[in-house]
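Assemble the whole structure, with the sequences as input and the hints as a guide.
Chains as they are written, first to last, in UniProt numbering: chain A, 1 to 341; chain B, 1 to 341; chain C, 1 to 341; chain D, 1 to 341.
Source of the hints: derived by calculation from the structure; they are not laboratory data.
Among the clues, some could well be false.
Keeping only pairs whose Cα atoms sit at most 25 Å apart, straight-line, the calculated SDA-like set for lysine to any residue is [unchecked claim]:
#1 Lys269/C x Gly11/A
#2 Lys241/B x Gly271/C
#3 Lys269/A x Arg40/C
These stretches of chain D come out as covered by chain B in the derived footprint (C-beta under 8 Å, 3 or more residues) [stated by the list, open to error]:
#4 115-126
#5 275-283
Since we're looking at a predicted model, the values are computed, not measured.
Cβ atoms here follow ideal geometry from the backbone N, Cα and C, with glycine treated the same way.
Protein chains: 4
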Amino acid sequence: MISIAIIGGAGYIGGELLRLLLGHPEAEVVAVSSTRLAGRRVDGDHPNLRGRTPLTYVEPGAVPEVDVMFFTGSGLDDVDGRAELRQRAKIVFDLSSDLRLGDPELFRFHYGREHPTPELLGTATPGLPELHREQLRVAELVSVPGCMATAATLALMPLARAGLIEPAVTVDGRVGSSGSGASAGEMNLHAERSGVLRLFAPLNHRHQAEISAFTGLEVKMTATGVDAVRGVQAVARTTAKPGTTEAAIRAAYRKAYADEPFVRVVAQKRGNYRLPEPKILLGSNYCEVGFAFDPDSGQLLAVGALDNLVKGGAGNAVQSLNIRMGWAEDTGLTFTGLHPM
Amino acid sequence: MISIAIIGGAGYIGGELLRLLLGHPEAEVVAVSSTRLAGRRVDGDHPNLRGRTPLTYVEPGAVPEVDVMFFTGSGLDDVDGRAELRQRAKIVFDLSSDLRLGDPELFRFHYGREHPTPELLGTATPGLPELHREQLRVAELVSVPGCMATAATLALMPLARAGLIEPAVTVDGRVGSSGSGASAGEMNLHAERSGVLRLFAPLNHRHQAEISAFTGLEVKMTATGVDAVRGVQAVARTTAKPGTTEAAIRAAYRKAYADEPFVRVVAQKRGNYRLPEPKILLGSNYCEVGFAFDPDSGQLLAVGALDNLVKGGAGNAVQSLNIRMGWAEDTGLTFTGLHPM
Amino acid sequence: MISIAIIGGAGYIGGELLRLLLGHPEAEVVAVSSTRLAGRRVDGDHPNLRGRTPLTYVEPGAVPEVDVMFFTGSGLDDVDGRAELRQRAKIVFDLSSDLRLGDPELFRFHYGREHPTPELLGTATPGLPELHREQLRVAELVSVPGCMATAATLALMPLARAGLIEPAVTVDGRVGSSGSGASAGEMNLHAERSGVLRLFAPLNHRHQAEISAFTGLEVKMTATGVDAVRGVQAVARTTAKPGTTEAAIRAAYRKAYADEPFVRVVAQKRGNYRLPEPKILLGSNYCEVGFAFDPDSGQLLAVGALDNLVKGGAGNAVQSLNIRMGWAEDTGLTFTGLHPM
Amino acid sequence: MISIAIIGGAGYIGGELLRLLLGHPEAEVVAVSSTRLAGRRVDGDHPNLRGRTPLTYVEPGAVPEVDVMFFTGSGLDDVDGRAELRQRAKIVFDLSSDLRLGDPELFRFHYGREHPTPELLGTATPGLPELHREQLRVAELVSVPGCMATAATLALMPLARAGLIEPAVTVDGRVGSSGSGASAGEMNLHAERSGVLRLFAPLNHRHQAEISAFTGLEVKMTATGVDAVRGVQAVARTTAKPGTTEAAIRAAYRKAYADEPFVRVVAQKRGNYRLPEPKILLGSNYCEVGFAFDPDSGQLLAVGALDNLVKGGAGNAVQSLNIRMGWAEDTGLTFTGLHPM
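Structural data, given as structure tokens:
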């Protein structure tokens, strides 16, 4: 058993980490912090955990030394506090966007501010097992990628590695309301968010930098909020290089993911779910990837889908933890998703 | 043309009043107030009105004398201000809950506070045309009933008047998220409000006092928030007096509403919409009422449905205005609802 | 390991049984039948199971002898076939409504037809562990109750047993579209079913007979289809006997469910989820029960919520199986539900 | 008053035509046909029209000679019958996809069959007032474009006409379930269609041929079914020619639509609805268009939104009728849309 602390446990990613780690046979959650809710029970705002834990929130300052610490929110406005907290753990998983980019200038472009500790950029291992499994086995600081970045990267990576596509790629990301967090404002009221197709980032969504870095492609990304609570779908439009065949594309996906426990290649000819969509993946750690190809025009659509809070966040973190600790990679992550849902 | 002012135009009821009155051939909206948004265009937060009006919000203090004034929010915390505003209009329609109850004690029970101007209780004519049409023709102060109260009252009133039911009635009200208003809190975030069956008032919902007063029945009311933006359905469970026949019930409804322009009696034997539900009424001023009767046990379910912002609020106010001014009762209210929706 | 066959695996209950049993460490699913889909892969219409099983559907006639057999659909129109199938298993769990009622006349009233094998009525043990755990340890034929019956029964039973309420009870059941099954007709098209509050059984819903039988109360039941895929909420309106206190009610619930692994008593004073609703239970085998009480009037609302396909169906069956086989009762049923969802 | 017949009135487009034409002061609907429902009341499956019309469906053969006839469904499988029907009207509006394309080969590519009367292709005037107003004034055969084609065309046309963009364009169309019609199959069941992001046409959606023909651009189109009943959003990704400024783009839109009664140019800097989305347009005949531009990279996103059954179908037909008859163009089309919805 290893000891775990979650810094920022009251949000949706915090709740999902709790759900997964409370059910993890090798991990013991010893502290969950929330400045706002210190002293209150964690199942108060994570009602799905009623009866599963007697934990109460503590102030961040009261978090003890642990084996593993998870950060769910940004530490950019409290650099010293974050550094101090980091000292209390042997291994740190950062689920915020603080350390996802490797370049201060790119950070400035996408986040509209200077990074206060640019020397940290590039020091974290990306928590994306399918690309960084070996580094994760020894990592001490892991940065879990953005939810849409993970979906798009897993959809595009086999094509990029196999050299089947031109570098210019557009990604259309669609995401549910839980991506806006538990303290979102009036724009996320049910009456305003219900039924939307909200192009909240019509151009240059910040995840495009992560996808570009992971795949080496030139990604332009648009993002739309849709009427769902959970779920991400990334639709990448690419052009196949001349001579590319559907068989080659299929082989590239199969090769990339043959041994991956949490990536399913989906490319049926028919059926309601012949291309990936999050509806059937909610709660699970699966990412489904698939494609559609028009050999005449060379158009190639690559699609990835996942639950933004699981494979797009907390699940990816736990999978990375399992790798780091040498446990079976699916420990605590075997839930299979629901249909219909 | 009469001049109109809307006090509190930035909320959902304010927006709906604007929508209806901007399309009303006899009314001119000359002022819309919002303390928070004074100086901003009204179509900024009522985007459906883009291109329909150049109006901007003004401070309440800048509202001129008008023929008719509509209050959308409570004036209980600003008694003097409200009284002063009221002086500037010949006729006032109050869509808040301030003046709906006739009795200070009942007000205290349901609203958990003392009414600051109890002498006003009982002075307003209820803005419920089907029950108070004659009084509305000369009213100077009109209080529009609660949305669920209107639905339940219109469903129950024919039965009560015809003496067909026992007085003890339970009402189960179901309502969409727009009923919580445009400034609702975290509990109304999409991620929290989506998919709910939230018994926000498990017992003694405040509208029960209005329904009791309108119908003379002894009403016990429960209210549930459902996953819809607009819409109210009131399901009233009653017991028919011995000897009551289905024909008598049907006759009571037909008699009550034969000449009503905005109440539709619905009691098909089959079909998806054989009992009233708001889905097909959204945007319209219709209230549908219907029933199910089991002659063996005497169980009688009376059901009413409407759009909470229209027949449950702004539409009822405009219909009452039409009556007050002697115009055709459906002026500005002819939209028929959408199917499918 | 025991061998399992599922008769009628292509529907939603069949899919849920598959999901749970494929993850069950003591059970091996050896055959899944579907007349319509024989020869096709089971993950074709249960896409959440992609990568979890290579099973294909077989004709019912090709199902081998097994330890345990689950029926998901009715056998009333094929009495001989069903009897023959039953011979091939040591233990049978029937999730259809065929054997839920004990009385042919009641069956006729609620199902509008004669039961073809009335001698079977009353021979099955109800698959409701909280009421019939001891009988289930030795049962050979188990009939799993209706989803709304389970929710209402678990909400009412503690009150009935403790003698705290009058016998006349009304139940308002709300249920998602998965309750209509995978082969539902045009009335369940998304465009028709979205946003509904459809009183599909305004009076005398058939589950009322089950609730009455389980609790000894006189239940009158109404049922509404709501805009959700999964989930049941049963709202029971009762009257407390004179002198009943909130403490006594609370004690009755605690006593009834103190040792129950899958019933959570929920009765917070505040919070979005202070009364049971299915939103946070989807996919889990929990039933949450709670209440609201007005000591002045004696009104007592008892509420139960669950996932209709899990605790309201397949999960209850697996829990009953675990009891029957002497396994830990939560084997294969530990998923905790998701929030937000 | 002119006389109107609707051929195929039982579907969703038929219902919407009925709704609009029953409220039209210059039109009298004298016949509505449905082979399946002949003899039944039209408000049976269009429940929003209860109380608005006593019409019943007739067999197509019983439709009399009229001034104007609307076809809602395809006539390709009954060429003679359709030709015969067409003889009974002076002016015909075809809302099916039969006559939308001008080229038999393109028809074969997109519809997977030979057009049985290729000589008719190219003979109909497109029912898109913003592009074909003058031709519509004298047209005798009008073909109303596809819903997503209209949204994308209105978003792209100003840019194409002003020569501001490169010809290669991708369009991502998103559409609600009403686009699948009232007789859709199991894939459109609520349980299967709820929460989807279904890429039902991942490449080469058939509307791309219409958009290309209208705009002269080289369009590649993807289409996704989303969890909404009504609504279309078309997101077109283009590249601005070098030197293009935001002011020039804005001017192109303003110039194109300054006098258009039903196109609103939306390009706010902030706000929830700063880019077009159908949520606030449902029921209205408006199309909103807007854009986002990144001058550094030249990326230009053009967005159009509308209600697929109104501006994307029946409303466009009625607007074209108004033009054809010389009536005010917004006659019968003044509904403004609802917010929140």
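Checked hints:
1. Lys269/C x Gly11/A: holds, 22 Å
2. Lys241/B x Gly271/C: violated, 41 Å
3. Lys269/A x Arg40/C: Given that 25 Å is the threshold and the Cα spacing comes to 14 Å, the pair holds.
4. 115-126: violated (count 0)
5. 275-283: With 4 residues closer than 8 Å to chain B, the region 275-283 of chain D meets the three-residue bar; holds.
Taken one by one, the earlier hints fail for this structure at numbers 2, 4, listed in ascending order.
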